[in-house]
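Novice: Modelling step: build the complete structure from the supplied sequences, incorporating the hints.
Protein chains: 4
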Amino acid sequence: MCGIFGIFNYKDATNIAYLGLHALQHRGQESAGIASTDGDSVMRFHRQMGLVSDIFNEEVLKHLKGNSAIGHVRYSTAGSSNINNAQPLVVEYSKGHIAVAHNGNLTNAKIIKDELEKYGSIFQSSTDTEVIIHLVALSHENSTLDRLISALRRVEGSYSLLVLTDRELIAMRDPYGFRPLVLGMLKDSYVVSSETCAFDLIEAEYLREVEPGEIIHITQDGIKSYAPFKKVNRKHCIFEYIYFARPDSFMFGETVYTVRKALGRQLAQDTFVEADMVIPIPDSGISAAIGYSQEANIPFELGLIRNHYVGRTFIEPKESIRHFGVKLKLNAVHDVVKGKRIVVIDDSIVRATTGRKIIKMLRQYGAKEVHFRVSSPPTQYPCFYGIDTPSRGELIASSHTSEEINQYMGSDTLQYLSIEGMKKAVKNGDYTYCDACFTGAYPSKFPWNMQLEQMELFVKR
Amino acid sequence: MCGIFGIFNYKDATNIAYLGLHALQHRGQESAGIASTDGDSVMRFHRQMGLVSDIFNEEVLKHLKGNSAIGHVRYSTAGSSNINNAQPLVVEYSKGHIAVAHNGNLTNAKIIKDELEKYGSIFQSSTDTEVIIHLVALSHENSTLDRLISALRRVEGSYSLLVLTDRELIAMRDPYGFRPLVLGMLKDSYVVSSETCAFDLIEAEYLREVEPGEIIHITQDGIKSYAPFKKVNRKHCIFEYIYFARPDSFMFGETVYTVRKALGRQLAQDTFVEADMVIPIPDSGISAAIGYSQEANIPFELGLIRNHYVGRTFIEPKESIRHFGVKLKLNAVHDVVKGKRIVVIDDSIVRATTGRKIIKMLRQYGAKEVHFRVSSPPTQYPCFYGIDTPSRGELIASSHTSEEINQYMGSDTLQYLSIEGMKKAVKNGDYTYCDACFTGAYPSKFPWNMQLEQMELFVKR
Amino acid sequence: MCGIFGIFNYKDATNIAYLGLHALQHRGQESAGIASTDGDSVMRFHRQMGLVSDIFNEEVLKHLKGNSAIGHVRYSTAGSSNINNAQPLVVEYSKGHIAVAHNGNLTNAKIIKDELEKYGSIFQSSTDTEVIIHLVALSHENSTLDRLISALRRVEGSYSLLVLTDRELIAMRDPYGFRPLVLGMLKDSYVVSSETCAFDLIEAEYLREVEPGEIIHITQDGIKSYAPFKKVNRKHCIFEYIYFARPDSFMFGETVYTVRKALGRQLAQDTFVEADMVIPIPDSGISAAIGYSQEANIPFELGLIRNHYVGRTFIEPKESIRHFGVKLKLNAVHDVVKGKRIVVIDDSIVRATTGRKIIKMLRQYGAKEVHFRVSSPPTQYPCFYGIDTPSRGELIASSHTSEEINQYMGSDTLQYLSIEGMKKAVKNGDYTYCDACFTGAYPSKFPWNMQLEQMELFVKR
Amino acid sequence: MCGIFGIFNYKDATNIAYLGLHALQHRGQESAGIASTDGDSVMRFHRQMGLVSDIFNEEVLKHLKGNSAIGHVRYSTAGSSNINNAQPLVVEYSKGHIAVAHNGNLTNAKIIKDELEKYGSIFQSSTDTEVIIHLVALSHENSTLDRLISALRRVEGSYSLLVLTDRELIAMRDPYGFRPLVLGMLKDSYVVSSETCAFDLIEAEYLREVEPGEIIHITQDGIKSYAPFKKVNRKHCIFEYIYFARPDSFMFGETVYTVRKALGRQLAQDTFVEADMVIPIPDSGISAAIGYSQEANIPFELGLIRNHYVGRTFIEPKESIRHFGVKLKLNAVHDVVKGKRIVVIDDSIVRATTGRKIIKMLRQYGAKEVHFRVSSPPTQYPCFYGIDTPSRGELIASSHTSEEINQYMGSDTLQYLSIEGMKKAVKNGDYTYCDACFTGAYPSKFPWNMQLEQMELFVKR
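Chains as they are written, first to last, in this note's numbering: chain A, 17 to 477; chain B, 17 to 477; chain C, 17 to 477; chain D, 17 to 477.
Since the hints were derived computationally from the structure, they do not count as laboratory data.
Worth double-checking, as some hints may not be accurate.
The list treats identical chains as interchangeable, and a pair is accepted whether it falls inside one copy or across any two copies.
Stated by the list, open to error - Only pairs whose alpha carbons sit at most 16 Å apart, straight line, appear in this in silico EDC-like list of lysine to aspartate or glutamate:
{"#": "1", "residue 1": "Lys376", "residue 2": "Glu219"}
{"#": "2", "residue 1": "Lys246", "residue 2": "Glu436"}
{"#": "3", "residue 1": "Lys126", "residue 2": "Glu108"}
{"#": "4", "residue 1": "Lys111", "residue 2": "Glu133"}
{"#": "5", "residue 1": "Lys111", "residue 2": "Asp130"}
{"#": "6", "residue 1": "Lys78", "residue 2": "Asp28"}
{"#": "7", "residue 1": "Lys111", "residue 2": "Glu157"}
{"#": "8", "residue 1": "Lys203", "residue 2": "Asp28"}
{"#": "9", "residue 1": "Lys27", "residue 2": "Asp54"}
{"#": "10", "residue 1": "Lys373", "residue 2": "Asp428"}
Specialist: So this is what it looks like as structure tokens:
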């Protein structure tokens, strides 16, 4: 997953982009980058592995002059930690310099890449974003805008995209609108961001979403909107609601926190169990647990305490037999859980290993009953639209029933929110969302073997 | 403030000390250090500015061989960020090498230091811990234990102390028992820690507190307990309960989380106000807010979201007029607070500047009423026993009434927990705790001017 | 300027490449990189700003698995210090992964680049090496070798080039043979290097030069040589002899040290002056000064001492009026120079500022006469074949006579080696060398305005 | 070994100290430090492992305010690389803050230390400098000056010492004058340095040596000289001439370069051999080789080329059988040495391993004869006055004859300069120098077992 941010024609553009990325840090912690331009010279940029606050020191920010800027944060994925995949991508082509920041995943990138290579293109990263730039450069259109449109006509999949040149900032979103993208205003300047929480920090006014399939062209002359693609039904990523987005963001028409509480409420209605308390797995399960607690009228307790100092460089000492695992991050409160019937709320289950350890700890500390409740349906299918889920084989729910998972985890009972329940908890739940990770109903069809290639060959953002 | 941890005669002593410090990281983020010995060679040690997880990489841990170790984390205080003040302090004296880790503050350190200097002692740090070591070295007693006892007879104030030599680990606590210190067992080895949360991580068994005034002497022959000092009434630091300790620690006979909830409940009883929701200032206000919510029967909501990625190196860009301040860490959820009557719970008020900004933000986002409730009494007096409170002049409650603070902060109403309320919420509240920061009733008397010197000349840990 | 090194099918390929680059460090200190392959997986690579010994720690070397590797060191040039220009360049194209390391400069890169961009190519660096890779990828030939030949038919200028794929290492040199490139053998494996000093370090056997215009194709089946280009007269860069190469390297048929001594001898014959001693400007003037001293029969003295600890991060404190400049690196020996008639030998004069300061220092320390002698002719023209000389305007000899420079520098007399003298001092001096920096006689003709573009748009290596 | 530098009452004191240390970097590369004061506040200081140019960046220099400063560079010794041993040592004692920088070694430090510990002193480093500070603090005298004198009456061995307080800079040298120390003037301010090369860099005027046994007291009122100790014969360290000092320094009444040449000339007179060339082992053998060459009338050649980019972090790859050793630093020039009779000049032989490898390389490259000549007598005894020679057991000359060493090294002949020859080559060579490393005639007598303790327990500087 990734986060993107852009600002056009503002005195302190780079500083604002830096703050924007800071607010979007939860969307990617592997690398971060900013490209900036003052409209008449070369594109400046800096990309580095690490956190926004560590990368952009005073010296770097000072170097990134310019009144327009785009930035990108990238998620850490195991195999492909590589500075070459950091964004924004900055290249020179026939029309000058261009910088691109991309959140999403192109499902036909491999096909286009093979084709482009056949005609002589070279690739310097393993990101599909480079495919888009090649298509822009190869387009016979004249303007950046028309080149982009012609490029995007070729690609399938998900993209929220920011393009910066020395005279324009272009923001666009794929026709399904998988990934979020919002438009705001800071004084007289336009800003674009993956989430509204970045606007709150910089005190920009939220205007509206960039619509699915919309291209917004921002220049010195103001803003223009285009909708060059065939209209299709929206397919917003419901997993943004469930896990990925920050609770204080307003997204797809609702506040994330409110949606999560509604998921928790629905979960309580559907899977109620007598208990002494509801405890979340922090931080991601908190909102849903509050909803569950309120609906079920069972007290909410912070029975698991998180250590926020784990850091990126933490080395777990190889101490003989034991593996400290989840305890380095979470500890249960003895006094709270001892002798109690507990409902534990998590947002989703991937491999079930963390949940298993937590349940074991709760029992060790004396919990009488542990009922595990998940505020989303079983995650059974990989995401091809930008969320970094593991392959199907690693998704426990793809090969095990809820009862088997319950057995594995050691809970007294385990229940998921049903797909219907999930749809009830969100506005227009029946038709507005992509829920392929739960249902396998991928909005855009593509041959299965291609998906597999896709999984292996491209790094998702 | 500081955290300390020790382990004696255990194969992976340094690794365990490292994990212990990781669990105590909340007690100090400025510097960390570990000293270790294998019982027959020189004392190894490593001290560095920064977080435990950044300081102790594989290479450093490998160098710190030994089957016994003590560790220390130190709090960041403005003026004295200095590697020379990092601990454990390791020195060589007539009896060999000795390492000392100290949590607390000696109120007569300046007087003893002047005296020691008069007789020719030199000081290489600005910590009062060095005073203790000088006294140990100057003692005419024979054993480390007797030297320590004779040294500690001279000092006043607070100390939880760990001393490591090549043949023993000594743990002790001042007669009032201001700071916490607990004893545990890991397999057949004794461990000592500021808080029990470290025992949970390393899966050690909690045995008991090191008692106020007790000296525990751990050697190859086992453990011996001494109580050489005149017995006085316990004076546990009540601020550990209110703010400092981790909620999952068991301290002074109760679980911190449970005490905080009780403080919140009492606060609700004493300062109830009609409202739509209770929201904590995260993370420190969460436990009390849950208690308040349950007692007042007003829904608990996570209306303020914390960004945990701020990091130590974050540079706030100097952007013209605005100062982003609290927003870099906290954001309110528009949807939750809009049009609502809100009770905001914080654990204490120091300068009131953060609370003021939060209230302003809540009003901007449309809150109808904001009632600020504090789960402790007004903080009016500096702490001379180890908590790094600012000087009296900076404590807003030392010179302003609650109503004046309410005006300043812009809340509709502001109410503190009363001293009586606080005492009711904790076990034996009437006589077991030091509440000098609220009452000025310092357990040990000392001339006021000395306090002032103390404030200026010594760095508190 | 740059240095390149390659090795094919050797167990410790990356370690050997690392040592090779260490021996070539004098050819470039800005950045270094290694790409490696084990013949059946993806190309691994690591590029970083800094010195070879700082970049390649154990962890990095461990990651760079493979039995074949190429490496590159790059010279620091003011404007374009940029990790994106570090080499080897590694890309994926229709035939798989390819890594390229380049020493030289393409004089028609800008023209080809414009053309490539017109047809849709994108550029991610400001190096001309990327042009070659595009041409390879766009070629309709089948094998890497044929593609390379077809690509190189398009380019003009200088190149010593190493290309690595998962099944071959290709080494080639432009038809003029501007830059050096030598072939050696380490046990049963072929090695290629800019200079023989790298072979000495790794104890490889020197076989021969890669001939001008030759392409050497190294595979599992052995080595094959091709000469696909029209034969032209050799034009070895004479400045490699004068300044750039390491004295212990055997290059263009002679040992650099021996050539430098011959230049010094010739200089003595042509510009003899009565004096008490000959002193070099260390380190580059030492060899010529020894030659001068022996021919003129004037004692050689080390009258200037160099401080080798200046380092890359040295900050000259802004101390009021003075500028320490050359003194941070060089100091004269009072006792040696006082009252003496001195011949100072330098290899060349660029801006004359350093020489001026040295002469001033010698006079301050009491030198009676200072005669400046330069072991090359006046440097009047920029190099378009890879040496990072400044633009013509900055070359003092392009606009000033020797007498004017003498006046400016404050020497008693100043004399250069004549072009004839220089030609006499090297083997076949009349026709084998490119001496365009002295004569303006660029071997390959190109419109002057293109040169200017070239100078501005491409970074030379 | 170490280098020290001090400056009193100068506007840019810290910047000047930084430059001074840069010029003295050859005297110690392990750690560096500066302490500074502006006369009315606390002593500021910064000490760090590494090179001067890497440690003192702009931020650090900015923090080190003050108009007086002392600095220290420390040599890397295997076992005790420890930031706690870095200097200047800064402590607080009854008279305020004091900073001390020390070059030398106290031979009775262990005895005094034991005694001090018996009376209760604690030691935080393993340097003998801490002994001096304890003695100063324990003195009953009133002024810093008198305390220092009383302290130094207790110690034996070598010291060139700088002491800085908020009102004075004190420079002193032990009665034998083992280590160098010189006084200079920068505008109206006094400067003190281990060597004159630091004065050349900062453009200070050299005034004179600090005399053996002299104490120079610099205050706002000017400079005063004291000679409180019993006068003894000078015993300047002759190894400073042979190896340690920079050739451009004026020391003990002569220029180091000139002395080295004289040693080389004498060596030629005493050990002449027919040969084709004289080549030095760079850089330390160059001056003597020039002297030898001139006296023997055999051409001087730079037959061995040094790679100056080895750096501190260089990792030698573990490549199967071979060990690259000396080749990482030095390479011979094939063309120069092939078929030649060579005299190789080195300044001294310690373990003979480097020389052996060089001779092997020369033979591999075709040298016909290799005659090894050493510009000092056999090094047979450890130094107890501050030079970091290995223990006797490791000094090959302590247990082997010259002929045995010749056999081991593989040279055709090996000859040392005789002790008489050495004495002839320096002024007043008969009585002015400590040559204990060659003769075992330690100027100050001490029991041999104490020497051994000394060797083990204290780190020499």
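Novice: Does each hint hold? Answer for all of them.
Specialist: Here is what the structure says about each hint:
no.	hint	result
1	Lys376 <-> Glu219	between (45 Å within a copy, 13 Å between copies)
2	Lys246 <-> Glu436	neither (29 Å within a copy, 69 Å between copies)
3	Lys126 <-> Glu108	between (23 Å within a copy, 13 Å between copies)
4	Lys111 <-> Glu133	between (21 Å within a copy, 8 Å between copies)
5	Lys111 <-> Asp130	between (24 Å within a copy, 10 Å between copies)
6	Lys78 <-> Asp28	within (11 Å within a copy, 28 Å between copies)
7	Lys111 <-> Glu157	within (11 Å within a copy, 29 Å between copies)
8	Lys203 <-> Asp28	within (12 Å within a copy, 46 Å between copies)
9	Lys27 <-> Asp54	within (10 Å within a copy, 41 Å between copies)
10	Lys373 <-> Asp428	within (14 Å within a copy, 45 Å between copies)
Hint 2 from the list above is the single one not met by this structure.
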